[in-house]
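Chemist: Here's the letter readout for the chains.
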Amino acid sequence: MCIRRRSALSIDRGVAIRLALAGNANVGKSTLFNMLTGGSQHIGNWPGKTVEKAEGYVKLGPNIIYVVDLPGSYSLSAYSEEELIVREYLLTEEPDVIVNVVDATALERNLYLTLQLLELEKPMVLVINLMDEARRKGIEIDIDLLSKLLGIPVIPCIATRGIGLIDILNVSLKVAREGSRPKPPIYGLEVEEAIASLLAEMKDLPIPEVYPRRWIAVRLLEDDPKVEEMIAMFGGSKVLGLADLLRGKLEESHGEPSSVVIASERYSLIGRISSQVQTVRIPMKQSITDRIDDITVRTSTGIPLLTLTLSLLLSSMFFVGGFLSSTIEYILNPIYSIGGGLIETFPPWIISIISGMVYGLVAGLTVVIPYILPFYVTLFLLEDSGYLPRVSLLLDRYMHRMGLHGRALLPLILGFTCNVPACIGCRIVESERGRIITSLLSLLIPCSARSIVVLGLIGRYIGVYTALAIYIFEIILVFLVGFVMDRILPGERLALIMEVPSLRIPSLNVILRKTWLRLREYLFIVIPTLTLGSGTVAFMDAVGVSEALATALDRFMNAAFGLPGFVSIPLIFGFLRKELALIMLAQAAGVDDLRLVLTYRQMIVFTLLTVIYIPCLATFIALAREQGLKRALAFSSTTIMLAFIVGSASNAILSLIIP
Amino acid sequence: MTDLLSLDMLSDGEEVEVVKLAGGRGLVTRLAEMGITPGTRVKIIRRIGSKGPVEIYVRGSTLALGWGVARRIMVKRVK
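Chains as they are written, first to last, in our numbering: chain A, 1 to 659; chain B, 1001 to 1079.
Think of the hints as simulated: they come from the structure by calculation, not from any bench. Accuracy of the hints is not assured; some may be wrong.
Simulated pairs of lysine-lysine, BS3-like, Cα-Cα distance not exceeding 30 Å [unchecked claim]:
(1) Lys1043/B with Lys137/A
(2) Lys1043/B with Lys53/A
(3) Lys238/A with Lys226/A
(4) Lys148/A with Lys183/A
(5) Lys226/A with Lys183/A
(6) Lys59/A with Lys174/A
(7) Lys174/A with Lys238/A
(8) Lys1076/B with Lys226/A
(9) Lys183/A with Lys249/A
(10) Lys1051/B with Lys249/A
(11) Lys137/A with Lys148/A
(12) Lys630/A with Lys238/A
(13) Lys249/A with Lys238/A
(14) Lys137/A with Lys1076/B
(15) Lys630/A with Lys226/A
Just so you know, these numbers come straight off a predicted model, no measurement behind them.
Put together the whole structure using the sequences plus the hints.
Modeler: Below, the structure written as structure tokens:
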């Protein structure tokens, strides 16, 4: 762990306090965040991580409050990326107030994180969200008593309807200004004695003040390697020895690892609190949601329902995407011809750069945006309704073979429309390892642009069945690569331990807000990058780089894949937009009927190369944004290698069958 | 001593009490932190296929456990 100074944002002029939202997944934390910060937010990734970071501002009277939405987590034990981020942020960035959001319908599980947060001894407020749902389920919570028992302010809230927001801000401001620190929870005698002796042993260690000593003692008893490392760094080898001894004693008297002993203690504390503050009446009408629940996860009904949902999703994406795409093109067309006339007199290399940039811009507007918009709406719909976790359960058995959980199927299916949303969709996958596998696989899914190449070349000249065979081959390839990745990637497959949130009717307002904010990021970041990237490629073409590259590749193409040299230029342009490979192929060959210059075998090999060899520029940019440039490059090199293997192998095998 | 069963051996609707967690330290801790501690009452909501995940009701909310995880949770039936 390193100690950083307060982030630059705190010196932003006018920011009164910095507020951090913490809580379990599925408690409506991001909804609350959206309602608080509105359009002022920025969504990016945590540095060096694939976990989303959302931050924004909210104005309360004369005060500006900075809000950061920490990733959903169930504890602070740093078992997952998310938990580690939350813990590091809260300890080293020192927000002025922690706002812990909990689900009123699952108070017990949620209070576990609350107790761990209290141990950090930072100013803190508890927000009980989903009060309406709790009431429907017959759960009543004594807010005042809970506040008294925990020693921090407790605010009831219904985030989707904006109820309780002003209270949250006012109380947070007050708590942050007073800087009142909560009292950490008290455990049973045995654990407390162990904590006391550790604290005594730690007395003279130069531990920075940001780390509460009692928290360190508890973490040492729980055998936290990161905290042990830190204590070793501060010369606390005697402390570590003592902790080892105390853990041994705890484990001996309970017959369980010390971490389980302490978790059990926390839960028994929580049990005492919740039995005092919570009354549950058995609700009358639970059967309907139970029935729906059953339908979604039973194989006999769940698979047909999922198939139906996915086909609706895909067809609506194709339909809405296609409609938006042609509308945008229709609007852009007259602008083209006017623009073309204006630059007519410019030197040719400038014209090619400009037209290259326009190509990129148009690709962004007509390919990326139309598919991303319906994609986000449906993704959030599935996420907020609670259907996604059920898909995960339903498919868990099958996806296991690729080291993935069921929900990884969704981005992969979406990849059939466009790989860009598939890349973004990988963030719904639970583990870092799973995200790596899924993103690589999503690059190999035949998107609609690739389908154009397959249908336009193979379907047109050889036949629909051959085109279909190529499709099936691509899908088999995805499974094969997944299977191999799972075996060669380091790290363990994450055991499935997942909370299943209740099914609920999502709020359209919230979904549209979330969609717009994500879309905005794309408009302002991806599209400009794509425009510049396309301009650069066009410039390289204009100064003869691609010509030289093609000449250099000529012999290679022939030797490795048995292809004529002129296919290099189409393959280079395929990087801009996959369907360009087909368009440019006819142009480079200088004929209308490609059968005159290519054999069937060459067509198949060329198609396989085009669909596999590299993600298109837009996908690459999305990938770099989601996974980092290094990984995007690594994935692209992997696909190039794969294309080489598949291309040369298919050439060799096909030469035996067809000349 | 009562018969110990693993969580994947039960049928829908059964109510059991956790007796022991039988995995590595990391898994066992994660289970405990999600509320599956020895002595906890658990109700089986449903099993999704053989060797599929098991959905359970524990401490007021629903959890899904992969088959490999469920196998490591030793329980006894309660009347």
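Chemist: Now look at each hint and say whether the structure bears it out.
Modeler: Do the hints match the structure? See the list:
Restraint check: the Cα-Cα separation between Lys1043/B and Lys137/A comes to about 18 Å, which is no more than 30 Å; the hinted pair holds. For the proposed pair Lys1043/B and Lys53/A, the alpha carbon gap of about 36 Å is over 30 Å, so the pair is violated. A threshold of 30 Å between alpha carbons decides the hint, and for Lys238/A with Lys226/A the separation of about 17 Å falls inside it, so the pair holds. Straight-line distance between C-alpha atoms of Lys148/A and Lys183/A comes to about 12 Å, which keeps the hinted pair within the 30 Å bound.
Taking the CA atoms of Lys226/A and Lys183/A, the gap is about 24 Å. The hint holds against a cut of 30 Å. For the hint linking Lys59/A to Lys174/A, the alpha-carbon distance of about 15 Å falls within 30 Å, and the restraint holds. At most 30 Å may separate the alpha-carbon atoms for a hinted pair to count; Lys174/A and Lys238/A exceed this at roughly 41 Å. Proximity of Lys1076/B to Lys226/A is assessed by CA-CA distance (about 36 Å); at most 30 Å being required, the pair is judged violated.
Taken as a hint, the Lys183/A and Lys249/A pair is honoured in the structure, with Cα atoms around 27 Å apart against an allowance of 30 Å. The straight-line distance between the Cα atoms of Lys1051/B and Lys249/A is roughly 38 Å, outside the 30 Å bound, and the hint therefore fails. For the proposed pair Lys137/A and Lys148/A, the alpha carbon gap of about 25 Å is at most 30 Å, so the pair holds. The suggested pairing of Lys630/A with Lys238/A is violated, with an alpha-carbon distance near 41 Å, which exceeds 30 Å.
For the proposed pair Lys249/A and Lys238/A, the alpha carbon gap of about 17 Å is at most 30 Å, so the pair holds. For the given pair, Lys137/A sits about 29 Å from Lys1076/B by alpha-carbon distance, which is consistent with the 30 Å threshold. Under the criterion of a C-alpha separation no larger than 30 Å, the hint pairing Lys630/A with Lys226/A is consistent with the structure, at around 26 Å.
When held up to the earlier numbered hints, the structure conflicts with 2, 7, 8, 10, 12 and fits the remainder.
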